Amino acid sequence: MTSQVSSPAGQADEVNGGHEAVVGEPRRPAGAKEIRRLDRVIIRFAGDSGDGMQLTGDRFTSETASFGNDLSTLPNFPAEIRAPAGTLPGVSSFQLHFADHDILTPGDAPNVLVAMNPAALKANIGDVPHGGEIIVNTDEFAKRAMAKVGYETSPLEDGSLDAYRVHPVPLTTLTIEALKDFGLSRKEAERSKNMFALGLLSWMYHRPTEGTESFLRTKFAKKPTIAEANITAFRAGWNFGETTEDFAVSYEVAPATRAFPTGTYRNISGNLALSYGLIAASKQADLPLYLGSYPITPASDILHELSKHKNFGVRTFQAEDEIAGIGAALGAAFGGALAVTTTSGPGVALKSETIGLAVSLELPLLVVDIQRGGPSTGLPTKTEQADLLQAMYGRNGEAPVPIVAPRTPADCFDAALDAARIALTYRTPVFLLSDGYLANGSEPWRIPEIDELPDLRVQFATGPNHTLADGTEAFWPYKRDPRTLARPWAVPGTPGLEHRIGGIEKQDGTGNISYDPANHDFMVRTRQAKIDGIEVPGVDVDDPDGAHTLVLGWGSTYGPITAAVRRLRAAGLPIAQAHLRHLNPFPGNLGDVLRRYRKVVVPEMNLGQLATLIRAKYLVDAHSYTQVNGMPFKAEQLAEALKEAIND
Numbered sequence: 013m014t015s016q017v018s019s020p021a022g023q024a025d026e027v028n029g030g031h032e033a034v035v036g037e038p039r040r041p042a043g044a045k046e047i048r049r050l051d052r053v054i055i056r057f058a059g060d061s062g063d064g065m066q067l068t069g070d071r072f073t074s075e076t077a078s079f080g081n082d083l084s085t086l087p088n089f090p091a092e093i094r095a096p097a098g099t100l101p102g103v104s105s106f107q108l109h110f111a112d113h114d115i116l117t118p119g120d121a122p123n124v125l126v127a128m129n130p131a132a133l134k135a136n137i138g139d140v141p142h143g144g145e146i147i148v149n150t151d152e153f154a155k156r157a158m159a160k161v162g163y164e165t166s167p168l169e170d171g172s173l174d175a176y177r178v179h180p181v182p183l184t185t186l187t188i189e190a191l192k193d194f195g196l197s198r199k200e201a202e203r204s205k206n207m208f209a210l211g212l213l214s215w216m217y218h219r220p221t222e223g224t225e226s227f228l229r230t231k232f233a234k235k236p237t238i239a240e241a242n243i244t245a246f247r248a249g250w251n252f253g254e255t256t257e258d259f260a261v262s263y264e265v266a267p268a269t270r271a272f273p274t275g276t277y278r279n280i281s282g283n284l285a286l287s288y289g290l291i292a293a294s295k296q297a298d299l300p301l302y303l304g305s306y307p308i309t310p311a312s313d314i315l316h317e318l319s320k321h322k323n324f325g326v327r328t329f330q331a332e333d334e335i336a337g338i339g340a341a342l343g344a345a346f347g348g349a350l351a352v353t354t355t356s357g358p359g360v361a362l363k364s365e366t367i368g369l370a371v372s373l374e375l376p377l378l379v380v381d382i383q384r385g386g387p388s389t390g391l392p393t394k395t396e397q398a399d400l401l402q403a404m405y406g407r408n409g410e411a412p413v414p415i416v417a418p419r420t421p422a423d424c425f426d427a428a429l430d431a432a433r434i435a436l437t438y439r440t441p442v443f444l445l446s447d448g449y450l451a452n453g454s455e456p457w458r459i460p461e462i463d464e465l466p467d468l469r470v471q472f473a474t475g476p477n478h479t480l481a482d483g484t485e486a487f488w489p490y491k492r493d494p495r496t497l498a499r500p501w502a503v504p505g506t507p508g509l510e511h512r513i514g515g516i517e518k519q520d521g522t523g524n525i526s527y528d529p530a531n532h533d534f535m536v537r538t539r540q541a542k543i544d545g546i547e548v549p550g551v552d553v554d555d556p557d558g559a560h561t562l563v564l565g566w567g568s569t570y571g572p573i574t575a576a577v578r579r580l581r582a583a584g585l586p587i588a589q590a591h592l593r594h595l596n597p598f599p600g601n602l603g604d605v606l607r608r609y610r611k612v613v614v615p616e617m618n619l620g621q622l623a624t625l626i627r628a629k630y631l632v633d634a635h636s637y638t639q640v641n642g643m644p645f646k647a648e649q650l651a652e653a654l655k656e657a658i659n660d
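Residue numbers (the working numbering): 13 to 660.
By construction, these hints were calculated from the structure, which means they are not laboratory data.
Note that the structure is predicted; figures quoted are calculated from it, not measured.
Here a beta-carbon is modelled for each residue, glycine too, at the ideal position from N, C-alpha and C.
Treat the hints with care, as some may be off.
[Claimed, not checked] Label pairs and their in silico Cβ distance ranges:
1) Gly600 x Gly162: 50 to 58 Å
2) Pro466 x Tyr277: 16 to 24 Å
3) Leu465 x Lys320: 19 to 27 Å
4) Glu648 x Pro267: 22 to 30 Å
[Stated by the list, open to error] Subject to a maximum C-alpha distance of 25 Å in a straight line, what follows is the list of computed DSS-like cross-link-like pairs (lysine-lysine):
5) Lys134 x Lys160
6) Lys295 x Lys320
7) Lys192 x Lys231
8) Lys322 x Lys231
9) Lys231 x Lys320
10) Lys235 x Lys320
11) Lys155 x Lys199
12) Lys611 x Lys646
13) Lys611 x Lys629
14) Lys231 x Lys199
15) Lys192 x Lys235
16) Lys234 x Lys192
17) Lys155 x Lys134
18) Lys134 x Lys646
Between the sequences and the hints, there should be enough to build the whole structure, so can you do that?
Printed below as a string of structure tokens:
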């Protein structure tokens, strides 16, 4: 027997608690397990960084995507390759929010926590609401392991978990028993306990299983015994849920019912979407793609992914350091390629001199900054939005650079195309500001048709473009397009297009070295005017109720802000929302939009960098709401802050 929740499409994840929002108590048919139907669920897998929680979460996400649910994920893991086992800093987790309707965030609090050890339980129990389900691997709750994280008594026995529905499961023992015929050592068999947990949760939420089994056979193709052991553990977890009395209820979350545009969908992470966007941009521009990069968390996945696509004319260079990476990329731009360098905040600091050189040379270059917590090494695996002012001003001299910021993991694809459009059209380096939350998070993405992609083809210089006083023709590398102020792009080696290159100021037109004060003033102002004149769409405002308060966001705050706005509107509170993709230049209508509202609130994962820019440019008293704890905003947290702003 099933029971159906009713909740406004597109609002349930912002308004109610989700997992326990069931109507009545369905009767359990004799001899059968009870099935409850839910509109959404938030699950968090947590354990040591060596327990395979990211793989487990990724596989559950893939199962869920293939089923047709809308979803959003939040991987969270320590910076160390193998963090200290059994400690709070060593806990790795993966949160997945999936639903039968449109959702925007990985969820504020998990309805279900899978805790592989005492550290995982203690690190995450504070986020689980009372009544939530906790699946605990009891095999790991030895006295020493509990003492390591400060448990003086067993939380499984001292009543501290009475407010939750606890399922004690000896995951390790059951996994070893299931694999006893494989001839594996105890340590080898234990490694499959995450697959046992995945099987149990897959049964519990009626997830497809074929994809996971196929994945395991492919992943361990050279070790077929290990592949079959993992599949056996996965099936054992499923069968355990089916047969044990402790799990009397399973749950159904139907495929999403919102009006998805027709097309082919896949689950995609931000870094993967960005990689595909770069490849698409190179094909649409009919240019080879060149990546010069040095590995750095959380940007390294882009280097890894692009290195797989030589068949699309992609060349990747893993440099010896950040400076060499961008230097090689700038050289590729000079040679006529769509050039990219990827990094995070510390790498941007090292690349700043070469970015300034690219500004001076006026060559297209994409600088992809996957932001993380700082300063210095900071929080390598945690998210932040604190590089905006660095991207805006972090170079010597007047060196303006356009800035583009995606808002969701899937939007990273479109943002990459947009950044490439600006770079190629205006002959300028462009910052693409993603962050760790977008890079590692995932959501469904509709694969676009080829005819939906923009035409990014460029016209290289082919011959002389200026007539001298004596009537002879010459090539002037800084003679500009009157519409875009872009200079010609001349491929080295083209006869008759020889020109000077370097970081010393150029003479207008000829490109010769110039120390003339008036010329320098003109060139500085011209480079600024070129950036100011970049064509970007106007900012859209969502304001159905004629509100007096506007919440303005950028980048990855889009999901939490929109979720908070939905909550407020469901409660009858009017609020307007706008979100920026283009941060330099700002949309042309932004000033008029801001001046329409009595109060403007800017939530950011920094100490108020966009708000600072807004105040300076538009003389608007923008109010900052900030967070720098390495985690994305929660919708409830933002809703309360915005409610105070509305009522103030």
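Results of checking the hints against the structure:
1. For the pair Gly600 and Gly162, the supplied restraint of 50 to 58 Å holds, since their beta-carbon distance comes to about 56 Å.
2. Restraint check, Pro466 to Tyr277: a C-beta distance of roughly 21 Å satisfies the suggested window 16 to 24 Å.
3. Between Leu465 and Lys320, the C-beta spacing of about 21 Å keeps the proposed range 19 to 27 Å intact.
4. At roughly 27 Å, the beta carbons of Glu648 and Pro267 sit within the given window of 22 to 30 Å.
5. A distance of roughly 11 Å separates the Cα atoms of Lys134 and Lys160; the hinted pair therefore holds under the 25 Å criterion.
6. Using a Cα cut-off of 25 Å, the hinted pair Lys295 and Lys320 holds, with the two alpha carbons roughly 16 Å apart.
7. Straight-line distance between C-alpha atoms of Lys192 and Lys231 comes to about 22 Å, which keeps the hinted pair within the 25 Å bound.
8. With a CA separation close to 22 Å, the supplied pair Lys322 and Lys231 stays within the 25 Å bound.
9. Taken as a hint, the Lys231 and Lys320 pair is honoured in the structure, with Cα atoms around 16 Å apart against an allowance of 25 Å.
10. Between Lys235 and Lys320, the direct Cα distance comes to roughly 23 Å. Compliance with the 25 Å bound is thereby established for this hinted pair.
11. Our distance criterion of 25 Å between C-alpha atoms is met by Lys155 and Lys199, whose separation comes to about 20 Å.
12. About 22 Å separates the Cα atoms of Lys611 and Lys646, which keeps this hinted pair within 25 Å; it holds.
13. A distance of roughly 16 Å separates the Cα atoms of Lys611 and Lys629; the hinted pair therefore holds under the 25 Å criterion.
14. Between the alpha carbons of Lys231 and Lys199 the distance comes to roughly 20 Å, so the proposed pair stays at or under 25 Å and holds.
15. Under the criterion of a C-alpha separation no larger than 25 Å, the hint pairing Lys192 with Lys235 is consistent with the structure, at around 17 Å.
16. Among the hinted pairs, Lys234 with Lys192 is consistent with the structure: their alpha-carbon atoms are about 21 Å apart, no more than 25 Å.
17. Using a Cα cut-off of 25 Å, the hinted pair Lys155 and Lys134 holds, with the two alpha carbons roughly 14 Å apart.
18. Our distance criterion of 25 Å between C-alpha atoms is met by Lys134 and Lys646, whose separation comes to about 20 Å.
Hint check: no violations occur; every hint is consistent with the structure.
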